[in-house]
Amino acid sequence: MYLGRVIGKVWATVKNDSLRGQRLLIVQPLTPELAPAGKTVICADCSGAGAGETIYWCKGKEASFPFLPALVPSDNTVVGIVDLLHVKR
Amino acid sequence: MYLGRVIGKVWATVKNDSLRGQRLLIVQPLTPELAPAGKTVICADCSGAGAGETIYWCKGKEASFPFLPALVPSDNTVVGIVDLLHVKR
Amino acid sequence: MYLGRVIGKVWATVKNDSLRGQRLLIVQPLTPELAPAGKTVICADCSGAGAGETIYWCKGKEASFPFLPALVPSDNTVVGIVDLLHVKR
Amino acid sequence: MYLGRVIGKVWATVKNDSLRGQRLLIVQPLTPELAPAGKTVICADCSGAGAGETIYWCKGKEASFPFLPALVPSDNTVVGIVDLLHVKR
Amino acid sequence: MYLGRVIGKVWATVKNDSLRGQRLLIVQPLTPELAPAGKTVICADCSGAGAGETIYWCKGKEASFPFLPALVPSDNTVVGIVDLLHVKR
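Protein chains in written order, with this note's numbering: chain A, 72 to 160; chain B, 72 to 160; chain C, 72 to 160; chain D, 72 to 160; chain E, 72 to 160.
These are computed hints drawn from the structure, not numbers from a lab.
It is possible that part of the hints are untrue.
Remember, identical chains collapse to one label, so a pair may be satisfied in a single copy or spanning two.
Claimed, not checked - Once the Cα atoms are required to be at most 27 Å apart in a straight line, the calculated DSSO-like pairs of lysine-lysine come out as:
1) K110 <-> K80
2) K159 <-> K80
3) K159 <-> K110
In isolation and in its complexed conformation, chain A is listed as follows (with noise of 0.2 Å):
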């Protein structure tokens, strides 16, 4: 998984009709430190997460876990809201 904050929300109405919905969220990758790291993607959300709150999320195959029995066509989720972490490099 990976850390980021969400920054954004897309809007599309056409659209395929598993993602019809789904919340979409504009997501900045995140450094341990919480410093911007790389180019933002756009996440199904599975959590509830809001703008500007810290989360992972998930890429690939398993980011549609959270949606079985339903076949979403989504590569990257929100899979969860950070409360706290530590690092010690």
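Got chain A; can you put chains B, C, D and E on it based on the hints?
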């Protein structure tokens, strides 16, 4: 999912049978501010998007979900057309 | 999918049984303007493409779909030969 | 798989149900010479690794295999603790 | 698939059960001209390749096919040893 703009099309006569009848779009990835970002990709389409439209596409195994039960060898599929997006960094 | 040009072949005697009889092509990724872009990959082939031809290939799990029901460990497969492409940036 | 070192942990109360009870480790990728190499990732753990240990982790769909039959949305999982490695370039 | 050379081995006592008995090789990716290209990866092996040999390996879900029906959490697997390659740019 990733933001992009449709900038072209590909025609191919010789191809895997399961790709017959699929439109192939050339997509330029975009930042949330709609600036070009990175290398173009070729996407199958399930949204009806046309040249110049802002879309979002899906990578990986999930990119083949919109075509189920057919097992289409597509690793990048346009899954929606963007109406509006809001970003606050 | 991604644009590329066939620039070579690989011969291997010792290999996984499910790759027996598969042609292995060396492919140079291309931009839509057909300039080289990035590192070469080795692709299985299901299109019959030959040296110098412009093709598009598919990455990931989907790259094994053309060989079903055989479970071929191919993560990059040439799936079509390009006739024509049109780009307008 | 990839070499890395455990450098921290993440706590999250709100998360996908299938991640309940999983430890989440912050991992710094390493070269074979054990120098840091690239961006950190968050890994689920099935090895019991602790802070400072050298581990190897697995990316992608395969990262969810250790949790089967549960379909855990993990795209990065620590699968082993390194005892020794030998490199000759 | 990708070209590489075997440059080392990893030993690990504590690991996921499904990796028990698998050899773990450190692989340096190569260009078609056999120059080093990019970061090393750790690969499971199903070819019997030894130190110094030129091999090609497979990434992603497909990397676990050679071990079926066992669900081995391997995301990189050496699938063949290169005898000869021919490149013409």
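**OP:** Starting from the hint list further up, note which numbers the structure goes against and sort them upward.
**Re:** none
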